[in-house]
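Put chain B on the given structure of chain A with help from the hints.
From first to last, the protein sequence lines are chains A and B.
Going by the working numbering, the first sequence runs without a break in its numbering and finishes at 858.
Going by the working numbering, the second sequence runs without a break in its numbering and finishes at 354.
The hints are simulated quantities; they were obtained by calculation from the structure and are not laboratory data.
Note that the structure is predicted; figures quoted are calculated from it, not measured.
By construction, the Cβ of each residue, glycine as well, lies at the ideal position given by its N, Cα and C atoms.
Incorrect hints may have been included.
To be verified - Computed footprint of chain B on chain A; a stretch qualifies when at least three of its residues, placed anywhere within it, have a C-beta under 8 Å from a C-beta of chain B: (1) 791-799; (2) 802-808.
As the list claims (entries may be wrong) - Listed below are the simulated SDA-like cross-link pairs for lysine to any residue, each with C-alpha atoms no more than 25 Å apart in a straight line: (3) B:K250 to B:R335; (4) A:K855 to B:G281; (5) A:K802 to B:T342; (6) B:K250 to A:S790; (7) A:K855 to B:E341; (8) B:K296 to A:Q751; (9) A:K855 to B:A326; (10) A:K855 to A:G764; (11) A:K814 to A:G764; (12) B:K296 to A:T775; (13) A:K802 to B:D298; (14) A:K855 to B:V327; (15) B:K250 to A:R786; (16) A:K802 to A:R817; (17) A:K855 to B:R283; (18) B:K250 to B:E341; (19) A:K802 to B:D277; (20) B:K296 to A:L839; (21) A:K802 to B:V327; (22) A:K855 to B:H280; (23) B:K296 to A:Q753; (24) A:K855 to B:D277; (25) A:K855 to B:G279; (26) A:K855 to B:S347; (27) B:K250 to A:E788; (28) B:K250 to A:K855; (29) A:K802 to B:G281; (30) A:K802 to B:Y344; (31) B:K296 to A:N778; (32) B:K296 to A:S774; (33) A:K802 to B:R335; (34) A:K855 to A:G805; (35) B:K296 to A:S776; (36) B:K296 to B:L319; (37) B:K304 to B:S347; (38) B:K296 to A:K802; (39) A:K814 to B:A242.
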Amino acid sequence: GQQVQQSPASLVLQEGENAELQCNFSTSLNSMQWFYQRPEGSLVSLFYNPSGTKQSGRLTSTTVIKERRSSLHISSSQITDSGTYLCAMELHTGNYKYVFGAGTRLKVIA
Amino acid sequence: EAAVTQSPRSKVAVTGGKVTLSCHQTNNHDYMYWYRQDTGHGLRLIHYSYVADSTEKGDIPDGYKASRPSQENFSLILELASLSQTAVYFCASSDRLGGSAETLYFGSGTRLTVL
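If we strip away everything but chain A, and leave its shape as in the complex, we get (with noise of 0.2 Å):
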């Protein structure tokens, strides 16, 4: 089965909402992350958050290594937050190597 699944698959918010993106993980975890991924495909490295709880700005990164799950919280939603969201993880099966989500596409709308 998947090892990486991310949650909900696409989501619209109202400017100044608030979302929570989820990720879930069927193995132990090495490391993670979480990237944004502009329109346009680039990709911005957002966290990098193992275990703990992080923030940068409006966004806030959970990771609880027992529950098996990441988590990325946007506060006061921007139209410019619009994009997909992409969790990566290195699960813990001595290959070295990252695991990505499917993504969650966010739009943001006025």
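Frame of chain A; chain B shown alone:
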């Protein structure tokens, strides 16, 4: 600033032709990766390498070869390009700390269209 540079930015190839995608990093990282992304999907790992002159198969290696002639350079080779290999290809590099991968740094991607 960590940098991963891919070339070309885009390419149109004919079915059955040979395609080489190049990646160069100035991060001094040991690990390099090739991913492909199909429209509306996440990234899938094709090949990776953790040392020069050695490559490893990822999750979808069929139809692809990889070459790591130096720490800085990592190429992806499609010997006989097929329509199903139309996708965006991303190269990335990372370091390792203890037993875990560090932050992935991505190139800007190569859009490959096979006709």
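Status of each hint after checking the structure:
With a cut-off of 8 Å between beta carbons, the region 791-799 of chain A has 4 residues touching chain B; three or more are needed, and the interface restraint holds. By the rule of at least three residues with a Cβ nearer than 8 Å to a Cβ of chain B, the coverage given for the region 802-808 of chain A is violated, with 0 such residues. Between K250 of chain B and R335 of chain B the alpha-carbon distance is near 32 Å, which puts this suggested pair outside the 25 Å criterion. Taken as a hint, the K855 of chain A and G281 of chain B pair is honoured in the structure, with Cα atoms around 17 Å apart against an allowance of 25 Å.
A threshold of 25 Å between alpha carbons decides the hint, and for K802 of chain A with T342 of chain B the separation of about 15 Å falls inside it, so the pair holds. With a C-alpha separation of about 17 Å, the suggested pair K250 of chain B and S790 of chain A falls inside the 25 Å cut-off, and the hint holds. For the proposed pair K855 of chain A and E341 of chain B, the alpha carbon gap of about 30 Å is over 25 Å, so the pair is violated. Distance restraint check for K296 of chain B and Q751 of chain A: the Cα-Cα separation of roughly 18 Å lies within the 25 Å cut-off, and the hinted pair is therefore satisfied.
For the proposed pair K855 of chain A and A326 of chain B, the alpha carbon gap of about 23 Å is at most 25 Å, so the pair holds. The hinted pair formed by K855 of chain A and G764 of chain A meets the criterion: a straight-line CA distance of about 12 Å does not exceed 25 Å. A C-alpha spacing of about 32 Å is found between K814 of chain A and G764 of chain A, which places the hinted pair above 25 Å, so the restraint is violated. Pair hint K296 of chain B plus T775 of chain A holds up; C-alpha atoms about 21 Å apart against a cutoff of 25 Å.
Of the pairs offered as hints, the one joining K802 of chain A and D298 of chain B is violated, with about 30 Å between alpha carbons and a cut-off of 25 Å exceeded. As the CA atoms of K855 of chain A and V327 of chain B are separated by approximately 22 Å, the hinted pair is consistent with the 25 Å bound. With a CA separation close to 21 Å, the supplied pair K250 of chain B and R786 of chain A stays within the 25 Å bound. Of the pairs offered as hints, the one joining K802 of chain A and R817 of chain A holds, with about 15 Å between alpha carbons and a cut-off of 25 Å not exceeded.
Of the supplied pair hints, the one linking K855 of chain A and R283 of chain B holds, its CA atoms being roughly 24 Å apart against a limit of 25 Å. About 31 Å separates the Cα atoms of K250 of chain B and E341 of chain B, which puts this hinted pair outside 25 Å; it is violated. The hinted pair formed by K802 of chain A and D277 of chain B fails the criterion: a straight-line CA distance of about 30 Å is larger than 25 Å. The hinted pair formed by K296 of chain B and L839 of chain A meets the criterion: a straight-line CA distance of about 16 Å does not exceed 25 Å.
With a CA separation close to 30 Å, the supplied pair K802 of chain A and V327 of chain B exceeds the 25 Å bound. Between the alpha carbons of K855 of chain A and H280 of chain B the distance comes to roughly 16 Å, so the proposed pair stays at or under 25 Å and holds. Among the hinted pairs, K296 of chain B with Q753 of chain A is consistent with the structure: their alpha-carbon atoms are about 23 Å apart, no more than 25 Å. A threshold of 25 Å between alpha carbons decides the hint, and for K855 of chain A with D277 of chain B the separation of about 20 Å falls inside it, so the pair holds.
Among the hinted pairs, K855 of chain A with G279 of chain B is consistent with the structure: their alpha-carbon atoms are about 14 Å apart, no more than 25 Å. Note on K855 of chain A and S347 of chain B: the hinted pairing holds, with a Cα-Cα distance of about 22 Å set against a maximum of 25 Å. Between K250 of chain B and E788 of chain A the alpha-carbon distance is near 16 Å, which keeps this suggested pair within the 25 Å criterion. With a CA separation close to 29 Å, the supplied pair K250 of chain B and K855 of chain A exceeds the 25 Å bound.
The hinted pair formed by K802 of chain A and G281 of chain B meets the criterion: a straight-line CA distance of about 23 Å does not exceed 25 Å. As the CA atoms of K802 of chain A and Y344 of chain B are separated by approximately 19 Å, the hinted pair is consistent with the 25 Å bound. Note on K296 of chain B and N778 of chain A: the hinted pairing holds, with a Cα-Cα distance of about 20 Å set against a maximum of 25 Å. For the proposed pair K296 of chain B and S774 of chain A, the alpha carbon gap of about 22 Å is at most 25 Å, so the pair holds.
Simply put, K802 of chain A and R335 of chain B have alpha-carbon atoms about 21 Å apart, close enough for the 25 Å limit, and the pair holds. At most 25 Å may separate the alpha-carbon atoms for a hinted pair to count; K855 of chain A and G805 of chain A meet this at roughly 19 Å. Using a Cα cut-off of 25 Å, the hinted pair K296 of chain B and S776 of chain A holds, with the two alpha carbons roughly 22 Å apart. The hinted pair formed by K296 of chain B and L319 of chain B meets the criterion: a straight-line CA distance of about 18 Å does not exceed 25 Å.
Between K304 of chain B and S347 of chain B the CA atoms are separated by roughly 21 Å; this keeps the pair inside 25 Å, and the hint holds. For the suggested pair K296 of chain B and K802 of chain A, the alpha carbons sit about 33 Å apart, so the restraint of at most 25 Å is broken. Pair hint K814 of chain A plus A242 of chain B does not hold up; C-alpha atoms about 34 Å apart against a cutoff of 25 Å.
Hint violations for this structure: numbers 2, 3, 7, 11, 13, 18, 19, 21, 28, 38, 39, all remaining hints satisfied.
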